[in-house]
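Q: Sequence:
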Amino acid sequence: MSKVKNESVNLSSNQVEKVNTSDLWHERFCHINNDYVLNTSKNNSVKGLPKLFGLTKDCISCKLAKSRRVSFKSMGQIRSKRPLELLHMDLCGPLPVLSQGGNRYFFTIVDDFSRKVTVFPIRNKSDAFQTFIRFQKRAERFLNRKVISVRTDGGLEFCNQEFEKFLDKLGIRHEKTNPYSPEMNGVAERFNLTALDGVKALLKSSGMSQKFWAEALLCFTYTWNRVCHKNKKTPFELYSGRKPSVSHLKKFGCVAYVGVPKQTRKKLDMRAKLGIMCRFDETKRGVELVPDSKGSRFTLFKDFPEDGDIFSLADDDLINRSESPRVVESASKPIVEMREITSLEQNVIPCKSIDWVRKAVPRSDGSRIDIYYGIEGTNVRLRTFNDVMGYCARNKIQCNKNLFNFSRKNTESGKVMDLMKLNLNEANLLLIRIPRTYKEAIKVPEASKWEDAMNQELKVMYERNVWEPVKPPKDAKTLGNRWVYTLKRNEQNEIVTYKARLVAQGFNQIKGESYDEVFSPVVNFSIIRLFFTVFVCLFKCSN
1 MSKVKNESVN LSSNQVEKVN TSDLWHERFC HINNDYVLNT SKNNSVKGLP
51 KLFGLTKDCI SCKLAKSRRV SFKSMGQIRS KRPLELLHMD LCGPLPVLSQ
101 GGNRYFFTIV DDFSRKVTVF PIRNKSDAFQ TFIRFQKRAE RFLNRKVISV
151 RTDGGLEFCN QEFEKFLDKL GIRHEKTNPY SPEMNGVAER FNLTALDGVK
201 ALLKSSGMSQ KFWAEALLCF TYTWNRVCHK NKKTPFELYS GRKPSVSHLK
251 KFGCVAYVGV PKQTRKKLDM RAKLGIMCRF DETKRGVELV PDSKGSRFTL
301 FKDFPEDGDI FSLADDDLIN RSESPRVVES ASKPIVEMRE ITSLEQNVIP
351 CKSIDWVRKA VPRSDGSRID IYYGIEGTNV RLRTFNDVMG YCARNKIQCN
401 KNLFNFSRKN TESGKVMDLM KLNLNEANLL LIRIPRTYKE AIKVPEASKW
451 EDAMNQELKV MYERNVWEPV KPPKDAKTLG NRWVYTLKRN EQNEIVTYKA
501 RLVAQGFNQI KGESYDEVFS PVVNFSIIRL FFTVFVCLFK CSN
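Going by UniProt numbering, the sequence shown opens with residue 1, and the numbers climb by one from there.
Since the hints were made in silico from the structure, they are not lab data.
Remember, predicted model here, so these are calculated numbers, not experimental data.
Each hint should be verified, as a subset may be incorrect.
[To be verified] Using 25 angstroms as the maximum straight-line C-alpha spacing, the simulated SDA-like pairs for lysine to any residue come out as follows:
hint	residue 1	residue 2
1	K51	N33
2	K243	I434
3	K146	C159
4	K230	S245
5	K488	Q456
6	K499	L479
7	K81	K125
8	K125	A139
9	K396	G374
10	K176	E140
11	K443	M454
12	K233	N33
13	K66	G102
14	K200	D269
15	K176	L249
16	K211	N33
17	K125	R115
18	K137	E237
19	K211	G241
20	K474	Q509
21	K211	G93
22	K81	R190
23	K63	D35
24	K125	R173
25	K459	Q505
26	K125	R138
27	K146	G241
28	K449	V470
29	K396	D269
30	K443	N455
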């Protein structure tokens, strides 16, 4: 009886010692993952570590320090079966730049069933409530159906007494996300991210200023509702039951000719002016145009030259507008009136009396030719027709469109007859084409200069012993080489040097077959400096 009692006591003490050892080694290894420590013990990878069969999983410090948020799994709920059953809403902002209408935020409403998106640029967060009321009334009247529930985050613009009282009065259920859990409102949050990326792409491609972000956002949302996403139908069709038409879509930021009403047009005034397409309208068959002067009211011709140059609105040539965007009608009639056109300024300088100089400057890489206009004896450089219009407006110069040509077609084809006062040296620069191969280099008129550049390159290589002729190993695959040509220019865009470089075609190498570690015939000077640094340190340590 006494012997059995002693054995049980000893077994208990061994278990306590074993547990204490596991906890101790867990702390000795600085709370590293238990699986890593067990794997090290199992493989005898280190000395002095006993066999461990299981480490503690009840470390309070690890639970507090390494806690991870569990992802929100789908609850298996059936999605809405009809529009307005559930609306996802979110507010994005403040944006760093005020829009043309003075807005800093935009309010997003996404219908859960159709995924149709409606956005409203607003000035303040407090405007979200009245904006939702307008949307709710119009949507319910349009679909003859009531809003059932809405889902928002915990922002004060949605979680306030006025908003809650309005929802309770209409019997609309309000679903709120948990604090700091934007993924619970992922539908609206994800669209905001997609919309901002689309806005940035539109502004970049069109060259328009960031203050037109609201117009770009409305244009992006308009087209977003007219493309299929995961369904075979567009959000517009799922929401309204009608298949939309996209035949009227135009490129954002393209040039549009807008007619001047004859009631406000004088005898010698032009019948149309230039505008910029920046938004489609949901309620009318038309587009919004940015005017070229203050107080202008435009009518629209059916002419959108999308292939032409796009206006550059990076500067503040256009007058800021504080009013809400206006819409230009373009239904069956070719011309519809918009705003009043102000009379031309008096005492203007005739455009023909100015000594305009057209210059075509090729880029250093030979990719394209930049066209700009200047005035003789000044440093004025105008790269677009919009820049010309802005300059003429500021200096009271009558602008004649027929005197300016920013097209690159004649220039790139070698026809220099349209270069106006471009001098002979600049005209010759346009004819110089950088060769892409050796065969092209020896056939162009500048062949002798390219040959001199190649001989200079070979001379430098011989002097520096860049290579050493050797017999290649048996069945070895040798790499080819090619010449790369370029032009070095000074600040006046004059050619200084014809340069040629002989390079190896390293892209033909295959890792593991052509090379293991050394794969480039070009030395990396940072590695050489590192080598000498390590060598000096080791030499000092050995001494």
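Q: Going back to the hint list, which numbers does this structure go against?
A: 2, 7, 12, 13, 14, 15, 16, 19, 28
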